[in-house]
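On the provided structure of chain A, position chain B as indicated by the hints.
The primary structure of each chain is shown beneath.
Number of protein chains: 2
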Amino acid sequence: MAKDLKKQPRPKAETPKGFRDYFGADVTERKQMLDRIAEIYHRHGFEPLETSAVETVEALGKFLPDVDRPNAGVFAWQEAEVPGGGPGDWLALRYDLTAPLARVAAQFRNDLPSPYRRYAMGPVWRNEKPGPGRFRQFYQCDADTVGSASVAADAEICAMLAAALEHAGIRRGDYLIRINNRKVLNGILEVMLPEPSDQAVDARGQEIDKAIIKALRVVTERAISSDDVLRVIDKFDKVGEEGVRQLLTTGRKDESGAFIEGVGLLQEQVAPVLAFLTSKGADNTQTLANLRAAVGTSAIGAEGVDELEQIAAMLAAMGVGEDCAVIDPSIVRGLGYYTGPVFEAELTFEILDEKGRKRQFGSVAGGGRYDGLVERFTGQKVPATGVSIGVDRLLAALRAKGLMGGSDQGPVVVTVMDRDRMAEYQAMAAELRAAGIRAEVYLGNPKNFGNQLKYADKRNAPVAIIQGTDEAQRGVVQVKDLILGARIAAEASHEEWKAQPAQTEVPRDQLVAEVRRILG
Amino acid sequence: MAKDLKKQPRPKAETPKGFRDYFGADVTERKQMLDRIAEIYHRHGFEPLETSAVETVEALGKFLPDVDRPNAGVFAWQEAEVPGGGPGDWLALRYDLTAPLARVAAQFRNDLPSPYRRYAMGPVWRNEKPGPGRFRQFYQCDADTVGSASVAADAEICAMLAAALEHAGIRRGDYLIRINNRKVLNGILEVMLPEPSDQAVDARGQEIDKAIIKALRVVTERAISSDDVLRVIDKFDKVGEEGVRQLLTTGRKDESGAFIEGVGLLQEQVAPVLAFLTSKGADNTQTLANLRAAVGTSAIGAEGVDELEQIAAMLAAMGVGEDCAVIDPSIVRGLGYYTGPVFEAELTFEILDEKGRKRQFGSVAGGGRYDGLVERFTGQKVPATGVSIGVDRLLAALRAKGLMGGSDQGPVVVTVMDRDRMAEYQAMAAELRAAGIRAEVYLGNPKNFGNQLKYADKRNAPVAIIQGTDEAQRGVVQVKDLILGARIAAEASHEEWKAQPAQTEVPRDQLVAEVRRILG
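Protein sequences, first through last, are from chains A and B. Heads up: the first sequence is residues 1 to 520, going by my numbering. Heads up: the second sequence is residues 1 to 520, going by my numbering.
Hints in this document: simulated from the structure, not taken from any laboratory. Note that CB positions come from ideal geometry on N, CA and C, so glycine has one too. Treat each hint with caution, since some may be false.
[What the hints assert, rightly or not] Quick list of simulated restraints, FRET-style, between CB atoms: (1) I483/B - G379/A: 50 to 56 Å; (2) D470/A - G520/B: 47 to 53 Å; (3) A396/B - G379/A: 57 to 63 Å; (4) F449/A - R36/B: 49 to 55 Å; (5) D353/A - A396/B: 47 to 53 Å; (6) A299/A - D418/B: 23 to 29 Å; (7) D392/B - A80/A: 50 to 56 Å; (8) P87/B - R359/A: 48 to 54 Å; (9) K17/B - D227/A: 37 to 43 Å; (10) G520/B - G85/A: 54 to 60 Å; (11) E241/A - R419/B: 38 to 44 Å; (12) D418/B - Q286/A: 26 to 32 Å; (13) A489/A - N110/B: 20 to 26 Å.
[Claimed, not checked] Cut-off 25 Å, straight-line C-alpha distance, at most; resulting in silico cross-link-like pairs (DSS-like, lysine-lysine): (14) K447/A - K401/A; (15) K447/A - K458/A; (16) K458/A - K12/B; (17) K381/A - K12/B; (18) K447/A - K381/B.
The shape of chain A in the complex, shown without the other chains (with noise of 0.2 Å):
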């Protein structure tokens, strides 16, 4: 048996698929980015909330143990069974923030504030196939406003998300808010859809008959749902006018020759969708009157132009500029899952992507209006809306402009050439570090210094201490500036590189000083 347990493979030293660990910098610049943002958050009176990682399937929801293992997306396991009770719970990561943050608003709703306001940082899990930078462990940071049906909630978060952005280090002018409302969309449904008039032509411009009219509203009325005519919607931008005229009727031969079908709506439909994607005009004023006469006379359409009418308004007040946050009619993605206004950062400025094309960052965050959080768990309607930021997108994004990084500089090592004056090797690096310098002392095997210098240029180490026997006697210290010996290392010649200029010795209590000259 002992031989068995000897002859067992050693464990595999790796990271489970589709996860990674963060080292240094990574850390550090994540971290430094979400407490500017915090900042922000925190003066505009939201308040931290961590949930736990581990949730009830039940209260996470989407997932319901009805299957053998719901396991559908989410990383979930049963607890042991329940001594003398039933089978234990069905426990899962949570895979997002709002979730636990529905749950926490349902389970606290005697003690948290109304309306609550709450910001969230911190890994989400998903069960899902990895692939190339797509993890199954990643960082989201979201804002909510929990309880306020006002469109004053909504208007508050894109003014803080502009701030945050700006504070995390974007500059006015490289980032867009766009913001639509579902409402106004809702009504450009509600007008696709007006009485039969006498002048209705089908798809083919021919005269169709009263009766046929309203059988086919009845169709259209049944068949076609909001997202279909979304879809279209969406390819807009590449398909045109035109296209999304076909698209939304009889259909579409793409550039291959493959045809693909209408959704099959009359062609008087249509023309409130397309003034609708043609509304954006050249300030929010504009939008916002080429919206009114596109939403026509649909009650819930004219409450969407009003309320997005408010929110500019608001941002005005709040010092908040069409440079910054504008009205655009394009914003669709996700919207099926809104129920008012919803909006995008966008990043405008270009970056060179891995094959060396020029690109426009795109997306780092979004949000919007959505109701039934609480709901599910209460039965009582509760308005929310909300913002979250994409932690991995903006973080790289930072370091595209070069706005991060440089931040994290190796430590000042002391070398130790004699293995018995240790104690006066880690004097030298407290004292550095009681001047507020980055400091260490060589900790592996001292015997062959090459190795040390090795060890300092694999820290990033600025500056390298030397002391020798020789050195101690005398009461000096050598101060190797290690960046400016790199530079002379790829330029110099041999003769200079001997000369050695980015070494210098100083008296022992001068060490301090001679750092701080180094480092600038």
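Chain B alone, transformed into the frame defined by chain A:
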């Protein structure tokens, strides 16, 4: 079917058993404390490492998948079957921060600097029965040096721990780091089994035959583990010198009269243990001399004492006095796990427990040197040393000393008297924020003004801003000092209260200045 779905009971809004949520100051105060500690770790050349929460059960090691579900102590689950392959991996949530460090040190051994100094802060998970104050997710905060056999690494960790505690807010004199060495104890165990002499006596003081002594030696060497001895040593505080002597030899009657069996050592074997236990002197020099005497001729014991002597010298060189860190042979807890120096930080001030009784706060951090960290993966021994700070305990200590809290003041609340002028209220909040003041607009239903003040109270707001139509027309705002107001309400007469000195009317453009005056 649809009916069945509707009839489903609502999910319970509950944190899973043994888990908890952290709100507001709970989050910010812990963060503030960890930030202070991280600053010190960073200055000592330690690099942050953030591993994923999920590890393979194989890499975690302690929990092998030889049963149906290897969830003894950990939260574990099996991945879905690999298509065309065998069963999926068992994954688990990390139960500490050391096991992931071992995996990382092995996985990235060619890329990481050696020695590798790293710190890690984050939640860990234990699948244990929850109890009062015992949670299944909690924070750990570790710093370790991997790959250095030098006691300079241990000394550095102790000095860094002192600096971290002080930077977190614990004053010098309020903590003490006690340092011991497992090798000294090994030396003691060695000298407990000396070459048999002619003078050996048995437990009753009678002379024993040499052959019997030899036989006994074999028996004791086999049957008496160092753990047995350690367990007795751990009772020294309680039972004293004579009690330890009895427990190590023939046994002892405790206070209740019950007989506790002895470990079975001979009288002559007990002396080194007692010498060890009473070796703490007035200062390190004396303690070290006593220890040297106690370990006698044991080579490993002498090595242990030498190491402690070096550590003491290095701490002195780094400016860490004996009032901060001291050699103390009484630190034995968990010693079995360690292979060299061990240390424990205690807070020495008294606090009142839940029953109002004074008690010492006790241990907040501990650590030491250990082997076999990377060996499991690579077969190569890698020496390591590290410390773990008890995050919850240290935070509780800082709160008990009044060193936390108060930092999280509520926002200034701008009330809403006139729903149509929401944009103006938002402009006020924006102005306050631009001046660095935390501020928010009331976003609930503004109909009932009393509710708005109740909300401000719940938000811990220091100031409320009020502007009705009348004030707006006159270009003024009311600024209500809620802290002063609460004091007046508690202390003043009805007449004084009616005079409302806590509320001031100021011109609109002096809003920020007035709020600033009140906040001081």
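Checked hints:
1. I483/B - G379/A: 50 to 56 Å: violated (39 Å)
2. D470/A - G520/B: 47 to 53 Å: Violated - the Cβ-Cβ distance for D470/A and G520/B, about 60 Å, lies outside 47 to 53 Å.
3. A396/B - G379/A: 57 to 63 Å: Because 39 Å falls outside the window, the suggested range is violated.
4. F449/A - R36/B: 49 to 55 Å: violated (36 Å)
5. D353/A - A396/B: 47 to 53 Å: holds (50 Å)
6. A299/A - D418/B: 23 to 29 Å: holds (25 Å)
7. D392/B - A80/A: 50 to 56 Å: violated (26 Å)
8. P87/B - R359/A: 48 to 54 Å: Between P87/B and R359/A, where Cβ atoms are some 42 Å apart, the hint is violated.
9. K17/B - D227/A: 37 to 43 Å: holds (40 Å)
10. G520/B - G85/A: 54 to 60 Å: holds (57 Å)
11. E241/A - R419/B: 38 to 44 Å: Hint holds: Cβ distance 40 Å, inside 38 to 44 Å.
12. D418/B - Q286/A: 26 to 32 Å: holds (29 Å)
13. A489/A - N110/B: 20 to 26 Å: At 24 Å between Cβs, range holds.
14. K447/A - K401/A: Cα-Cα ~43 Å, so violated.
15. K447/A - K458/A: holds (18 Å)
16. K458/A - K12/B: Not satisfied, since the Cα-Cα distance of roughly 53 Å exceeds 25 Å.
17. K381/A - K12/B: holds (16 Å)
18. K447/A - K381/B: The given pair, whose Cα atoms are some 20 Å apart, holds under the 25 Å limit.
Of the numbered hints listed earlier, those contradicted by the structure are 1, 2, 3, 4, 7, 8, 14, 16.
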